[in-house]
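Starting from the known structure of chain A, fit chain B onto it as the hints suggest.
One letter stands for each residue in the lines below.
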Amino acid sequence: MTAPITPLLQVEGLVKHFPLRGGIFDRIQRHPALVIRAVDGVDLTIREGETLALVGESGCGKSTTGRCILYLQDPTAGTVKFRGQTIDPTNSAEMRERRKQLQIVFQDPNSSLNPRMSVGQTLEEALAFHKIVPKSERSNRMRELLETVGLNDQFRNRYANELSGGQRQRIGIARALAVDPEIIVADEAVSALDVSVQAQILQLLTKLREEKGLAYLFISHQLGVVRSIADAVAVMYLGKIVEQAPTEQIFRNPLHPYTQALMAAAPIPNPRARRERIILTGDPPSAVNPPSGCRFRTRCRYATELCAAEVPELREIEPAHLVACHYAGDLPEPTVL
Amino acid sequence: MRSPILELDDLQVHFSTRSGELHAVDGVSLSIAPGETLGLVGESGSGKSVTARAIMRLVPTPPGRYAGGRILFEGKDLLTLSEREMQAMRGHQISMVFQDPMTFLNPVYTAGEQVAEAIRTHQGASRADAKAQTIELFRTVGIPNAEARFSAYPHELSGGLRQRVMISMALSSRPRLLIADEPTTALDVTIQAQILDLLRNLQQEFGMSILLITHDLGVVAEMCDKVAVMYAGRIVEEASIEPIFDNPGHPYTNGLLEAIPNASNDGAPFRPIPGSPPDLARLPPGCRFAPRCRYRQEICISTPPPMVQIAPGHDALCHFAGEYKKNLVEVPTPAVSR
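Heads up: the protein sequence lines correspond to chains A and B, in order.
Here the working numbering is used: position 4 in the first sequence is 152, and no number is missing along the way.
Here the working numbering is used: position 251 in the second sequence is 267, and no number is missing along the way.
Simulated from the structure, these hints should not be mistaken for lab results.
Please note that the accuracy of each hint is not assured.
[What the hints assert, rightly or not] Here are the computed lysine to any residue pairs in the SDA-like style, where the Cα-Cα straight-line distance is at most 20 Å:
1. B:K242 with A:K283
2. A:K355 with A:N418
3. B:K342 with B:V324
4. A:K355 with B:P285
5. A:K355 with B:K92
6. A:K355 with B:R287
7. B:K242 with A:S259
8. A:K279 with A:R247
9. A:K229 with A:Q158
10. B:K92 with B:S47
11. B:K242 with B:A327
12. A:K360 with A:H474
13. A:K355 with B:E274
14. B:K242 with B:K342
Next up, chain A with everything else stripped away, as it sits in the complex (with noise of 0.2 Å):
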């Protein structure tokens, strides 16, 4: 499954833990020490321009794969290639040029703004900051930003509280293009935005990405705007991916049980929609103490003792599409949306 081409961005093996320190009894005890498992085994390509798109629920590790493909959380095991090229968190030279390439999005623009710097402010940091162009040309620079995330010249002078939702975004967005990055991680970007005013960000996304050739991470729990913007969708649960294909072929052909209760759970704008209604049961467990062999097994429908004893290994089903379940393709077809 090697591309021809170096993808732009390759994750192999990533696994992010974050240790549980026990109470003062359990380490006179010596219990063992506990980990949460957050991010365990990810593999994720890239290719220069795509989008794609990482699925699943609160909990899941998607935003956590996230920060560490950028060195935000250091990943516990694992590799990012950029280019090809492994990406050496100690350099700090290195890092730095790596920072202007990727950059992130966050959901809640409230708080990734800092309330007490203007627009320009924000702006004009990371131009300095990566030195991106002369200090002559900030100005116009920032202006030719704004223009590219549909706000006008005088947003440069307004604070974060003037602003709405949106436009918040629009600034977290125009912030990242600042350094003319090449992928962007848009960490549940629109999430937090009414409906009217998600349309608008995804059509700036989309277009950025026509116009600049961006790739995009889109960590996202919403798949009807998944389906939307993404090329390809990788599910996540409990830590590991249990399903990737490109995303027409995910949404027609869902293969692996939870990918499918994640598509039946979500409500469809119509009335008329008939389908079938799978409810999963329970919540997912913990990341602590996942269960033996597929994580998902304790919801899962079809789970035998198979799915306790082994752990399925991501395996291609049809080309390009990947799904880590004993009975991946053996199962019968949910109703079709």
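For chain B alone, kept in the frame of chain A given last:
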């Protein structure tokens, strides 16, 4: 026609702020029949949550003010009740479920104690009896290990379970009307599906009416019999479920539907509504949606629109209700943001 269980008649809720008197709810009329589910849809700031709180008389006064209209519950105007009478109504005849159970539940009492307390208050049940009823309710709302969960503190429960606890408390008095304010917005989709399924089943079992407040038209499509769409303090369209989706009478409803990227079709193109909702302190003189409307005409900018009947039971607040598409040439949308 069955007589409605709840009827809002030209309700006005105003807030006094530094920028003047804001009409958060500006002449809202709607009605819910027994056993019916009405979806109240709108974006943040449209006034849908204030409407819900007003029905429970939970709007803080001041700064809020019930400036006019009536809230008729089984024919009785709730705005004329004394606080004591209202308390007997709340959590008894009318219950409410909120978006965030963590701010609703008291962190220092166990989940079970809180529900049992509600039962004792409203039904005068004994301690033992209230506990037994609570465990029974926990089972009804699908809380596994109901007995053990009685003594669990809210922080020990997952988001879905907390929501179930809150629902069990709301249902403890077998209310005639349940007001659910974004009950599943904070939950993951698989958990949302569980909770919606639960609400549907409980409604059948208890025969109650539901006022479901949400911004999610997908949830509306799955749950509601009727829909009222709110924009800038006003109901702009009201109809039963099918016409809202098949033939939206108001350009705003149409815009909302067009803006949803839909997981169930082939990633059909979606179309944003330009701009953002108006500032309630500076409302446009004509139609409040006109500045964002693709179909606006001169009259829309100058004159407030009337409520127009499109079909029996289907009304829209628009000069061109139901006909905006065929009669009008689309005007170019303004810049993406202003």
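Here is how each hint holds up against the structure:
no. : hint               : in the structure
1   : B:K242 with A:K283 : 59 Å, violated
2   : A:K355 with A:N418 : 28 Å, violated
3   : B:K342 with B:V324 : 17 Å, holds
4   : A:K355 with B:P285 : 14 Å, holds
5   : A:K355 with B:K92  : 55 Å, violated
6   : A:K355 with B:R287 : 13 Å, holds
7   : B:K242 with A:S259 : 37 Å, violated
8   : A:K279 with A:R247 : 13 Å, holds
9   : A:K229 with A:Q158 : 5 Å, holds
10  : B:K92 with B:S47   : 14 Å, holds
11  : B:K242 with B:A327 : 14 Å, holds
12  : A:K360 with A:H474 : 41 Å, violated
13  : A:K355 with B:E274 : 18 Å, holds
14  : B:K242 with B:K342 : 25 Å, violated
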